[in-house]
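Chains as they are written, first to last, in my numbering: chain A, 1 to 115; chain B, 1001 to 1107.
Please note that the accuracy of each hint is not assured.
Claimed, not checked - Chain A side only, calculated, beta carbon under 10 Å to chain B, not exhaustive:
(1) P8
(2) K40
(3) E56
(4) G109
(5) T113
Said to hold, decoys possible - Calculated from the model, a selection of chain A residues having no Cβ within reach of chain B, i.e. all distances over 12 Å:
(6) R9
(7) Q37
(8) H73
If you're looking for bench data, these hints aren't it; they were derived computationally from the structure. Just so you know, even glycine gets a beta-carbon here, dropped at the ideal spot from N, CA and C.
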Amino acid sequence: ETGVTQTPRHLVMGMTNKKSLKCEQHLGHNAMYWYKQSAKKPLELMFVYNFKEQTENNSVPSRFSPECPNSSHLFLHLHTLQPEDSALYLCASSQRAPGGEAPLHFGNGTRLTVT
Amino acid sequence: GQNIDQPTEMTATEGAIVQINCTYQTSGFNGLFWYQQHAGEAPTFLSYNVLDGLEEKGRFSSFLSRSKGYSYLLLKELQMKDSASYLCAFNDYKLSFGAGTTVTVRA
């Protein structure tokens, strides 16, 4: 139990499908993040939300659309993905946005395969 | 993440010591983190260094030299459960991660 829950754990989708990833944190944190983790590559920051406001969009293609309705929930809406988007998508939360010593708490991730 | 370097893989024997080095380049620095990630699981926080020197937490220690842009994670008395990927990340206004070092502990 990590305190950050992601669903689904695994997702296979075609390039024309629309799907959503869900993340929920039970830690009372104010910042939430989406990261992409590909094999043998560094974690890539995608989006940051601080107090429900998006504070970072790391040049992510528009086929990825985040949504943060409140400080505890974060979604990543997917549409018209490409096979190279196949990766592990990790959600994380922290007490506040980076700039201090607050560590990130990660969920177990969604393993996405685009066919 | 391109300005963080750490070795790709390391192998060690149970009971031994392993040191994972991490070098980074940044114009702004506000601390360095180490995370552990077992296969198929979430990364978990191990340590945080913001001042130069050694921080010890049980079998794990982390060292930082800001002037050299260098850190290491020291794992002592290795156990089989320590087999995992270890991620170095520095903090400027956002966390930038290295690609991780996969440590394999052999009996």
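Now the hints, each set against the structure:
1. P8: Violated, because the Cβ-Cβ distance from A:P8 to chain B comes to roughly 14 Å (cut-off 10 Å).
2. K40: 6 Å, holds
3. E56: Where the cut-off is 10 Å and the nearest Cβ of chain B is about 6 Å from A:E56, the hint holds.
4. G109: 7 Å, holds
5. T113: 15 Å, violated
6. R9: 9 Å, violated
7. Q37: 9 Å, violated
8. H73: A:H73 is indeed farther than 12 Å from all Cβ atoms of chain B, at 18 Å.
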